[in-house]
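Since the structure of chain A is provided, determine the placement of chain B with the ligands on it from the hints.
Protein chains: 2
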Amino acid sequence: AIVSTLTHAAHPNLVSSIDDVNKMRAAINESGYFSNAYIALKAKVDKQIKQPITVPVPKDGGGGYTHERHKKNYQLMYNAGMIYQLSQDKQYAQFVRDMLLEYAKLYPSLGLHPKRKVKSQNPGKLFWQSLNEAVWLVYTIQAYDLIHDSLNANEIKEIEQNLLKPVAIFLSEGQPSTFNKVHNHGTWATAGVGMAGFVMNEPEWVEKALYDLDKSGKGGFLKQLEQLFSPQGYYNEGPYYQRYALMPFVTFAKAIENNQPERKIFEYRDGIVLKAITTTIELSYNGLFFPINDAIKSKGIDTIELVNGVTVAYGLTRDSGLLDIANQQKQIILTGDGLKVAKALDAGLATPYQYQSVAFGDGADGNEGALVVMRQNIKSDKVQQALLFKPAAQGLGHGHFDKLTWQFYDRGNEIVSDYGAARFLNVEAKFGGRYLPENNSYAKQTIAHNTVVVDERSHFDADVKVGNKNHPELLFFTTNDHGSITSAKIDTAYQGVTLKRTLALVNLPELEKPLAFDIFLVKSDKAHQIDLPLHYKGQLIDTSFKRDAFTKTLKPLGAKNGYQHLWLTAQSKPNAGLAQITWLNNNGSFYTQSSIVDNDTDVLFTRLGANDPNFNLRNESAFIYRKKGVKKHTFVSVLEPHGQYNPAKEFTLSAQSELSSINYSQSNGVEFVEISLNNGSRYLFAITNDLSGKAKFSYNNVDYQIDDRFKIIQLKNQQ
Amino acid sequence: AIVSTLTHAAHPNLVSSIDDVNKMRAAINESGYFSNAYIALKAKVDKQIKQPITVPVPKDGGGGYTHERHKKNYQLMYNAGMIYQLSQDKQYAQFVRDMLLEYAKLYPSLGLHPKRKVKSQNPGKLFWQSLNEAVWLVYTIQAYDLIHDSLNANEIKEIEQNLLKPVAIFLSEGQPSTFNKVHNHGTWATAGVGMAGFVMNEPEWVEKALYDLDKSGKGGFLKQLEQLFSPQGYYNEGPYYQRYALMPFVTFAKAIENNQPERKIFEYRDGIVLKAITTTIELSYNGLFFPINDAIKSKGIDTIELVNGVTVAYGLTRDSGLLDIANQQKQIILTGDGLKVAKALDAGLATPYQYQSVAFGDGADGNEGALVVMRQNIKSDKVQQALLFKPAAQGLGHGHFDKLTWQFYDRGNEIVSDYGAARFLNVEAKFGGRYLPENNSYAKQTIAHNTVVVDERSHFDADVKVGNKNHPELLFFTTNDHGSITSAKIDTAYQGVTLKRTLALVNLPELEKPLAFDIFLVKSDKAHQIDLPLHYKGQLIDTSFKRDAFTKTLKPLGAKNGYQHLWLTAQSKPNAGLAQITWLNNNGSFYTQSSIVDNDTDVLFTRLGANDPNFNLRNESAFIYRKKGVKKHTFVSVLEPHGQYNPAKEFTLSAQSELSSINYSQSNGVEFVEISLNNGSRYLFAITNDLSGKAKFSYNNVDYQIDDRFKIIQLKNQQ
Ligand SMILES: [Zn+2]
Ligand SMILES: [Zn+2]
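Protein chains in written order, with this note's numbering: chain A, 1 to 719; chain B, 720 to 1438.
In isolation and in its complexed conformation, chain A is listed as follows:
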């Protein structure tokens, strides 16, 4: 055994190298972000290692005592290992050693976990599912690496033979279908086993982790890097899951870089690891992730997974904008890259992170639709606007039936919103803290989103399998000084129905804030009922048309597909022309959605909460434009942020829309939205659908030219 350990590589050498450790040891004696983080973590670990070591026999499922205890243990071993390296105080190493020896005593005695799912492909031994066991290994192998030099040969033998090797073999050879699977759960396994290979000098394990158990390259970490992110670094379950998936990718990649720099892992697939990290940042607004699919809305850029990601990304790029994110994350991690971040923050090198307008292609090749983020700066305000458009693929089991939906953000707040997931995480009284029944019956359904619902049925009839097989097509996306525009279509959400939506976020010279244009075309051979809902955040202020409110009795809007959860609170049939709905958001701004209506459009106002016996749903508001019995309809609207409500300072500015009319027309593949303002100004917003993005056209007998997909033209006033 001694001989074998001597041939091992130097320790530690996974995420942090010996060189990193030497620099960190120096830094903890200087004041600054790094030593602050060190002192805080050391204090926490000092408290924890005073408690007796507890390695219970596995018994409970997720959330239960033994489950949570083993999760705490691996985190604690990792932290104590790092404090040992930095403080060089043996008591921390001894604590980790003793706990590892306890595990080494326990592990050989374990069969499959008693709470494993019946017929499960991926049971664990310490945990009910092997995913947790893989995470355990990722942390524990790092802890072991950190204290390795403090161990004697017997201890090494005991820990490696009875614990670490068995775990690594259990997670690889023992579960080939999980290990080889191109899925983010598999990444934890490949990362754990591969890192174990580096530490215990098992190069074969590294090869298998990288290239599949049979080393064919059909599975394994590199395949995962190829398949699980789009070329732009988008992970198709959405940012809430992307930040979670990120962790093993970033950790293992960093370990590969330290052990086998010749692999140039960070250059792999045009720098996909880095793109995956920055894309996660880009998919946030005001610190929180865009809540698409089953996302809990309070999750944001300060999650530990993204702290790790940003730290590694800064180590790679020294991009000072990443320091802005690090500042917001308020957490320094104790690694070599963490030290680089800390020193840069000490030196005040942070510059504002520059969020971009981007179409993130979806799917491994980036051609299964896209997730589009359009941002715009507001002249008078620090905070950007953001418009999220989702012509993305289904995104597996956590995906929502929300093709072509959009969300809008302004002055730090949601304005046009998505419900996110219906879940109270870990709150036992709320369905055990799991996804609530209303997640399926409402949150996933199409009506819960800001996109077209045909015949009160959800996209793909809410069948995930069908959803996963079909995706929208991104028609175009462009961004320039005047704004951004994007368009996409799908003809598989409903049989025989084509949905095509164009959204733009555009500055108008005389308006303080950009306008959001929305043109939604629905086309079918057969007549249908078409609903276009908009879920707004705030208090309804006014409508330009009469509403008939249900003041004495409320009834649900429908019977199924999410409609059963909406109380119908009012309905209208506005006169043909402009229909305007104004609401006031908590941010103190007013928002008016102005739509073109014919004489036969219903507007329905709803409030969430029907058929919700356990009060599980938030009681949010929406309005729905409804057309009945039509084969084709184009919804055209403009969302306009305006004014300010400041009751504290007792002033209210511009509580009313500036728009007085909207007209929509098209000619030769060019679409026109003409708007008039109350002051008499008239603007033409022209869009070409030509592949080239270029077009010539004439409007009111004047010739114009589009060079980059769209054009804003101030029209002369008609005398």
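The set of hints was computed from the structure by calculation and includes no laboratory data.
Hints may contain errors.
Said to hold, decoys possible - Partial list, computed: chain B residues near chain A (C-beta under 10 Å):
hint, residue
1, E926
2, K1149
3, Q1258
4, A1268
5, L1303
6, Q1375
Note that CB positions come from ideal geometry on N, CA and C, so glycine has one too.
Here is chain B with the ligands on its own, set in the frame of chain A:
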């Protein structure tokens, strides 16, 4: 005219004296808070005085163009006058002079305002009501004082004879009923006229302003100081109105102090002006005023009126806690006292403001009930808890029918809430920005509050006149290291019904956060239906009893007195014992209200929004404990903040109440609430109703003694 001006006092000498001005002139050349404020105001004034002077013929009512223009003018004249004094740049004085001369040209031509109310006692000339005219004078006389030394004799004559004297006479001799009235509108008139007396050397005007037109002392400023505040400095319309009322009191008092220090105005009535200022601060939580009566909830301590108040108070007391408030107000005013605040902030002298637990007596003699604030520090948190109890008088026309209501605050948020006023200030589309019809039909009604409603009728049958004639009686209030307790009763809210409520905010040794105890006794000769609502802020998490939710149809709970606005969303009849209702607030804490119920108590769950055709109401939630056909009932409950919900960090702590039982009993004037915790601990909360606050009693055969109204006793566990 020259001779006359020579006999005038030195200028300026109202809120700021010549000595103040000299110090301020020095300070604007040093960097710091004061010069920053000066630079900012100067930049604003520079922009404004480039615009042409506009003194329009009065035409519009409140909110209209001429109304708003004249309001802007007085503010601008005051600001420009101050910039003149500090910069000594004549252009500012000339601007004020020119505007005053415009007014002097206009004013003699004016009759009563065209938009005055028919048969109004208090029409204005520049404004539709004389209140605005008095405010105009308060600002304008100061502006005139500030530029006086720059004027020649003709200008002085013109401005004084044609403008300032006529305005002062119109507001005094011209409207004796308003001027003499002991009402805060009268204070603006007495302040304006009195200050004009100082500036234009009319000592008679000062005498009349102080002692009534007939100098009898029956009216005037001193009587207003005596009558409008309670001895503790509470203004009986509540803090929202108190901060507004404060302005002329503070301004005129400061001018009196500068001109006639021998009056010792700040010592008058045991320092009532200072008390009125600090009480306004005390009636806030997390920067916002407690929203009792017709209050707009976003109004708080940063309002300009309280900035002025805190500034003057600091000048008087040099209390460093006031600097904490000044820091939060983020506004330095350019006066002598403003300079003192600025310099102290520059020197870092601010210390945390120490909020107190206080019973603020209501009424001129402090014996018309009280407004009680109880505060408690939380062991682990910076933010205090606050419990507001309102056994206060009606508070005139803006008062709500909410006798003995309470509100509860924790971790910065409202937990048990009051609707405040139903109003969108200045939002034209919402009933012209005025109080909404729902302010009367809901917000003022008893059911909108957290207090007992008998037979679905509001207190005093919602008759303000009856309300103003009756008030609750404060029975006791005490505060000590263990907590605070208060009790009050009223037997005039409903004929033949006595309401008595005791509320306490108390620390239990083993609980992290204090508990709020609530004992509400209702007693009558006749049988009644008794409702006790609690308006909670947050999402319902769980109840210890089964609820029958209305999932398919919602109906209003009642037909009138506010009940018509509540949708009944669920109802229950819990088994006898402990009924617990848990909700989750936005602040991430859970709150459980645990109540003792018999077998015949209904619990109704409601959501606001019925009979609200214009969507004017916020859709807030409540539950109501209802007893039918009883002559006497005691509601006993404990509100318990607990745990933490942190989905961002993916943990949830203590989502369930620690309480397992509550028992209530009484013996010989001592009331007992015994509570048991889940861990088996048992506590006795004993309260004596004896006048002395002392009592001896025995409980479970053990003898105890209360020395200060209440006692918390840990009971031995029964074996
Ligand atoms: Zn969704
Ligand atoms: Zn109220």
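Status of each hint after checking the structure:
1. E926: Violated - the Cβ of B:E926 stays beyond 10 Å from chain A, reaching only about 34 Å at its closest.
2. K1149: 6 Å, holds
3. Q1258: 7 Å, holds
4. A1268: B:A1268 check passes; min Cβ-Cβ to chain A is 4 Å, inside 10 Å.
5. L1303: 7 Å, holds
6. Q1375: Holds - the Cβ of B:Q1375 comes within 10 Å of chain A, reaching about 7 Å at its closest.
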